[in-house]
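Sequence order for the protein chains is A and B.
For what it's worth, the UniProt record's numbering labels the leading residue of the first sequence as 1, then goes sequentially.
For what it's worth, the UniProt record's numbering labels the leading residue of the second sequence as 1, then goes sequentially.
Among the hints, erroneous ones may be present.
As the list claims (entries may be wrong) - Straight-line Cα separation of at most 35 Å, DSBU-like style, residue types lysine-lysine; simulated pairs:
(1) A:LYS75 to B:LYS297
(2) B:LYS294 to A:LYS75
(3) B:LYS300 to A:LYS87
(4) B:LYS300 to B:LYS8
(5) B:LYS115 to A:LYS300
(6) B:LYS41 to A:LYS41
(7) B:LYS8 to A:LYS106
(8) B:LYS41 to A:LYS300
(9) A:LYS115 to B:LYS115
(10) A:LYS115 to A:LYS87
The hints are simulated quantities; they were obtained by calculation from the structure and are not laboratory data.
Protein chains: 2
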Amino acid sequence: MNFDIHAKDTHCNARAGSITTEHGLIETPIFMPVGTAGSVKAVHQRELTDDIQAHIILGNTYHLYLRPGLDVLNKAGGLHQFNSWQKPILTDSGGYQVYSLSGTRKIKEEGVTFKSHIDGSTHHFSPEYVMDIQRIIGADIIMAFDECTPYPCEFSYARKSMEMTHRWLKRCCDRFDSTSPEYGYSQTLFPIVQGSTFKDLRKQSAEVIASFEREGNAIGGLSVGEPAELMYEMTELVCGILPAHKPRYLMGVGTPANILEAIALGIDMFDCVMPTRNARNGMLFTTQGIINIKNEKWKKDFSPIDEMLGGYVSTAYSKAYLRHLVISGEYLAAQIASVHNLTFYLWLVKQARQQIIAGNYAAWKNKMVQQVMQRL
Amino acid sequence: MNFDIHAKDTHCNARAGSITTEHGLIETPIFMPVGTAGSVKAVHQRELTDDIQAHIILGNTYHLYLRPGLDVLNKAGGLHQFNSWQKPILTDSGGYQVYSLSGTRKIKEEGVTFKSHIDGSTHHFSPEYVMDIQRIIGADIIMAFDECTPYPCEFSYARKSMEMTHRWLKRCCDRFDSTSPEYGYSQTLFPIVQGSTFKDLRKQSAEVIASFEREGNAIGGLSVGEPAELMYEMTELVCGILPAHKPRYLMGVGTPANILEAIALGIDMFDCVMPTRNARNGMLFTTQGIINIKNEKWKKDFSPIDEMLGGYVSTAYSKAYLRHLVISGEYLAAQIASVHNLTFYLWLVKQARQQIIAGNYAAWKNKMVQQVMQRL
Numbered sequence: 001m002n003f004d005i006h007a008k009d010t011h012c013n014a015r016a017g018s019i020t021t022e023h024g025l026i027e028t029p030i031f032m033p034v035g036t037a038g039s040v041k042a043v044h045q046r047e048l049t050d051d052i053q054a055h056i057i058l059g060n061t062y063h064l065y066l067r068p069g070l071d072v073l074n075k076a077g078g079l080h081q082f083n084s085w086q087k088p089i090l091t092d093s094g095g096y097q098v099y100s101l102s103g104t105r106k107i108k109e110e111g112v113t114f115k116s117h118i119d120g121s122t123h124h125f126s127p128e129y130v131m132d133i134q135r136i137i138g139a140d141i142i143m144a145f146d147e148c149t150p151y152p153c154e155f156s157y158a159r160k161s162m163e164m165t166h167r168w169l170k171r172c173c174d175r176f177d178s179t180s181p182e183y184g185y186s187q188t189l190f191p192i193v194q195g196s197t198f199k200d201l202r203k204q205s206a207e208v209i210a211s212f213e214r215e216g217n218a219i220g221g222l223s224v225g226e227p228a229e230l231m232y233e234m235t236e237l238v239c240g241i242l243p244a245h246k247p248r249y250l251m252g253v254g255t256p257a258n259i260l261e262a263i264a265l266g267i268d269m270f271d272c273v274m275p276t277r278n279a280r281n282g283m284l285f286t287t288q289g290i291i292n293i294k295n296e297k298w299k300k301d302f303s304p305i306d307e308m309l310g311g312y313v314s315t316a317y318s319k320a321y322l323r324h325l326v327i328s329g330e331y332l333a334a335q336i337a338s339v340h341n342l343t344f345y346l347w348l349v350k351q352a353r354q355q356i357i358a359g360n361y362a363a364w365k366n367k368m369v370q371q372v373m374q375r376l
Numbered sequence: 001m002n003f004d005i006h007a008k009d010t011h012c013n014a015r016a017g018s019i020t021t022e023h024g025l026i027e028t029p030i031f032m033p034v035g036t037a038g039s040v041k042a043v044h045q046r047e048l049t050d051d052i053q054a055h056i057i058l059g060n061t062y063h064l065y066l067r068p069g070l071d072v073l074n075k076a077g078g079l080h081q082f083n084s085w086q087k088p089i090l091t092d093s094g095g096y097q098v099y100s101l102s103g104t105r106k107i108k109e110e111g112v113t114f115k116s117h118i119d120g121s122t123h124h125f126s127p128e129y130v131m132d133i134q135r136i137i138g139a140d141i142i143m144a145f146d147e148c149t150p151y152p153c154e155f156s157y158a159r160k161s162m163e164m165t166h167r168w169l170k171r172c173c174d175r176f177d178s179t180s181p182e183y184g185y186s187q188t189l190f191p192i193v194q195g196s197t198f199k200d201l202r203k204q205s206a207e208v209i210a211s212f213e214r215e216g217n218a219i220g221g222l223s224v225g226e227p228a229e230l231m232y233e234m235t236e237l238v239c240g241i242l243p244a245h246k247p248r249y250l251m252g253v254g255t256p257a258n259i260l261e262a263i264a265l266g267i268d269m270f271d272c273v274m275p276t277r278n279a280r281n282g283m284l285f286t287t288q289g290i291i292n293i294k295n296e297k298w299k300k301d302f303s304p305i306d307e308m309l310g311g312y313v314s315t316a317y318s319k320a321y322l323r324h325l326v327i328s329g330e331y332l333a334a335q336i337a338s339v340h341n342l343t344f345y346l347w348l349v350k351q352a353r354q355q356i357i358a359g360n361y362a363a364w365k366n367k368m369v370q371q372v373m374q375r376l
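Only chain A is shown next, with the shape it has when bound in the complex (with noise of 0.2 Å):
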């Protein structure tokens, strides 16, 4: 994997870069939408392509190894050919799903032991064993395997969860390095800086993930339900640590303003639910601000749903069509709505990318955060 930073705002820390991977490249800043069981709900593979752009998908860990697991996965010659997907793909680790999904579980130094929110059958999680999962799923960019902790929560509680996520990571990294890929294109390992909403465990765990020079950094447990604010203070605290040369990856993050303010503070890489997940319920985030599309209002408002952003379904289909889909509770609203949110928000980081380069970014974002997230 390479990264090139080919521009830097000269009034925040955003940068224009591009990630270099043997199933294509990446232009950064990126959004990844969410392919939680192999596929972008509601969303065809091509649509991903063509409609989208979408340059990069995530995959869980926790949802692949449970369906359809690592037999049919590897006999398919990994998540790529099974999906007939073959841009990038990367995988978390299957931590945050251990804790948000699983009824019970148990964290032990050596592991988590969790049951299956499918068929309660219980299963074992290791640092070395999730490694071995994500080899055979054959994501060009993984994930160490790491507890990811709530909001709020105890600063003891932090540093321990901490200390064993920089301990599990250690065994993370024997084992990736010791192990080869599956099917011939290379993987590479992101590591995750942990520490909650404290500065000095940030400081600190920031440092540690540092001092293991992977190819890239990830930035964990924000977004989990701490006040914004708070979320850039670690975010800008800990972008001023890790290495600047490396991409950094904020998870989960985050609603149109957060990622415009996350690049602002040195962030490459984002991927979050919400643009799908909230296009589910009606909700449409568009150039023009957000509409709850079941509100009376749209009833017979028949201009397209977003002019301005282009492509079919954001302009073939009206607001009252849609509205109507909606309420009717027809499959294809999930389809127009999610196709819409994702092209809005690789629309975004894309803007977001020629004004960096522009050398206009600061400028834009304030403005553009206002636009965007306006209730229309």
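Please arrange chain B on chain A, whose structure you already have, making use of the hints.
Just chain B now, kept in the frame of chain A:
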């Protein structure tokens, strides 16, 4: 509306033709995907044109009347404008849904009073009002308001019901002929033959319906639970009476075998929810036979869904991936299976048309029925 017959099979009553409407040409025999509430479930409009190659889709008067409602549809400029489908549309009369979906309904000579399945509100459909509604929806082909009898059905009830359907038809025609289209393009009205599974009633009904001399004729009240042989027998009898130079539409039919057999009897138009409804349950119709994709045998079958059929959806995704999506309850499962099944149905009638033109329909049909109905 014009109907031209281009070829007739010499060994059976199959014919290849074309219906000209102001929204475009419909090559017959044709299968019409069902877009109940103004959307063919889980399918984008561009997929209907580009992938499935549909010539015409259906809308349901009952559903569209309740949601989005006539004010929205009229303000939009009709259903074509509302759902961005620019090819022909046929609407059923709502009769079938009033009987099957509405909890309580009272059928009288004047019309039907029923309660909405959505909110329990009370509504009244008369033959005249159903014409007015379909004028507002703006379908190219609209259907007469009829009573669809269940199977089995007492002779006396079937006779009385049929006679009322005939009287309603007179009222439909009077209203239709004394009103004008709402949106500048012409509409045509098809009457519906009833008579349950009684030969003399079907004969009588076909004669009455033919005497109205509309531009096309439909056969209703079949495919409601009766044995297939009985459906073919009634269809053959009715096709012998309905004028040969006008299109014949067999409503709500059916399996690939039903369609191929009915084409041989002289039917030109079909609609059915089967390809989309069964898709959502993981049942695939393919060029090689029927697949229950949930079966364990497809778990590691990484071959395309239907290589012979061609097209993005049927060749880009594997059986194993689709199985995984169905079992995981992913939206994309319904999307893939629906586009695939409809692509197959449209392929089947296109093949039938070519065989009729080649003068080889009867022999091809007997082979094809075996092939496409076998369980894989």
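**Request:** Starting from the hint list further up, note which numbers the structure goes against and sort them upward.
**Result:** 4, 7, 9
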